[in-house]
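Protein chains: 4
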Amino acid sequence: MSATKEEIVAFMALEFPQTKCIVETVDETGATLSHDIGINELRPGGTVSGPVLMSIADVAIYVAILGKIGIVPLTVTTSLTINFLRKPSAEARIMADCILMKVGRRLIVGEVSLYSEGSSDVVAHVVGTYSVPPKQT
Amino acid sequence: MSATKEEIVAFMALEFPQTKCIVETVDETGATLSHDIGINELRPGGTVSGPVLMSIADVAIYVAILGKIGIVPLTVTTSLTINFLRKPSAEARIMADCILMKVGRRLIVGEVSLYSEGSSDVVAHVVGTYSVPPKQT
Amino acid sequence: MSATKEEIVAFMALEFPQTKCIVETVDETGATLSHDIGINELRPGGTVSGPVLMSIADVAIYVAILGKIGIVPLTVTTSLTINFLRKPSAEARIMADCILMKVGRRLIVGEVSLYSEGSSDVVAHVVGTYSVPPKQT
Amino acid sequence: MSATKEEIVAFMALEFPQTKCIVETVDETGATLSHDIGINELRPGGTVSGPVLMSIADVAIYVAILGKIGIVPLTVTTSLTINFLRKPSAEARIMADCILMKVGRRLIVGEVSLYSEGSSDVVAHVVGTYSVPPKQT
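Residue numbers (my numbering), protein chains in the order written: chain A, 525 to 661; chain B, 525 to 661; chain C, 525 to 661; chain D, 525 to 661.
One or more hints might be untrue.
Unchecked claim - Capping the alpha-carbon separation at 27 angstroms, the derived lysine-lysine pairs in BS3-like fashion look like this:
{"#": "1", "chain 1": "A", "residue 1": "611", "chain 2": "A", "residue 2": "529"}
{"#": "2", "chain 1": "C", "residue 1": "611", "chain 2": "B", "residue 2": "626"}
{"#": "3", "chain 1": "A", "residue 1": "626", "chain 2": "C", "residue 2": "626"}
Said to hold, decoys possible - From chain D, some residues computed to sit far from chain C (all C-beta separations above 12 angstroms):
{"#": "4", "residue": "530"}
{"#": "5", "residue": "548"}
{"#": "6", "residue": "558"}
{"#": "7", "residue": "567"}
{"#": "8", "residue": "574"}
{"#": "9", "residue": "593"}
{"#": "10", "residue": "614"}
{"#": "11", "residue": "616"}
{"#": "12", "residue": "617"}
{"#": "13", "residue": "624"}
{"#": "14", "residue": "626"}
{"#": "15", "residue": "628"}
{"#": "16", "residue": "645"}
Keep in mind the hints are simulated off the structure, nothing from the lab. Glycine residues also receive a C-beta, built at the ideal position from the N, C-alpha and C atoms.
Sequences are here, hints too, so could you generate the full structure?
Here it is, written out as structure tokens:
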């Protein structure tokens, strides 16, 4: 039932055409994404903007869900909590590691650790809940 | 100590140059912002993307804080929780009403109700916490 | 489909026998509960303990859901976020005002403002999400 | 600056006299607590009550903070988000593993995984933020 990385990348290009996230790895337990950081992602002072981090985490959980349950287009975010922990580097890609903590029939909960590439310090931590549409029969 | 709408708009143009949020009103108790919705804010199927809603809410709390405590550039988001409640209209502006629930010396907590202009149904609800830098003396 | 205050009080006595919450009012839009504060609810220094506040909020949302959709025993909390805003009084009852922000077929989201009786200052703010079991047919 | 397990247990007996949590281990990176489950912790149907889980997580983060920064009595919870993932066993102790994700001068963020003893499935996941009082000089 799960989807391959290639299927997911193709689907994301249709479903989230604006995202600049790159799917690095995805399997049934989670996903790792990367996102380049440039002038559009920075705030004055050299901090990666909070909404950019939220956006990457949201996509990471979505990709991990596809990797687990297959291409289910109507999956939607129902809630998301982000804690900003440290200032990310302005000069490194943001990496997002997502682990699915619960995969229920109706709700899926994923956790994301965001960090600057080359560092192991978590810059932001996200927990998101997604609602999966009932199966058609 | 508070800042006027004009001061805030000028500051936001420097601090958040990417944002397309428009400050409609701001005073010591809160702020109302609007954000146009176009192709860049939509996902296939006509839903306003979740990160766009998070971003508007984040800016709304930031503006409300400036309206309360004045231009304090180093204020940063420490956490944000969003609950997505209904599908927003693809054809109306998103409006964000922010109320500050707590204004402490170190932490400020704001609540935002997001809705499509012309409707009173809340499409997403946000609570965000911001850390205020210690006063210089 | 909704339940009356009397039906809810009787049901709560069975379902949550440990709670000391008192249902003050409940209708289709929300509920107000109260909870006495005594030695068991206080921490040294005279603060109402955080878990007591969380517990009251959890019950308040549960009661409001029963008031809206009727006695549905398998409704369960899926997530809860609390922000502690001010120190509650050690000598006043805690009041909890719950409003349901979303009543979906599968998920219900409620918001609770907690305050010390006699004051309008919110001491803690809660958003909770509850999963409603699918209807039997 | 950190406190030993013995110092923490003695302090908790004074500060949180109501808690039935047992400190299993604590060091500078985190803490593990256990809590017996009996009739007082259960709801009809055999589920451990949500507020009991929240309470254990809150204490676990508090203990981990003491293990890291020493006995600092005025540390207070500022926010807590819990996601309920699975039904805990009614017949096993609840275990709480806390890791501190951020230890700042003003804010500390901890993450707790709660599970039934003897199982590795996480039944609930908590992120909590605590405010540390400024240092006296």
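Does the structure break any of the earlier hints, and which numbers would those be? The structure breaks hints 1, 7 and 8; every other hint is satisfied.
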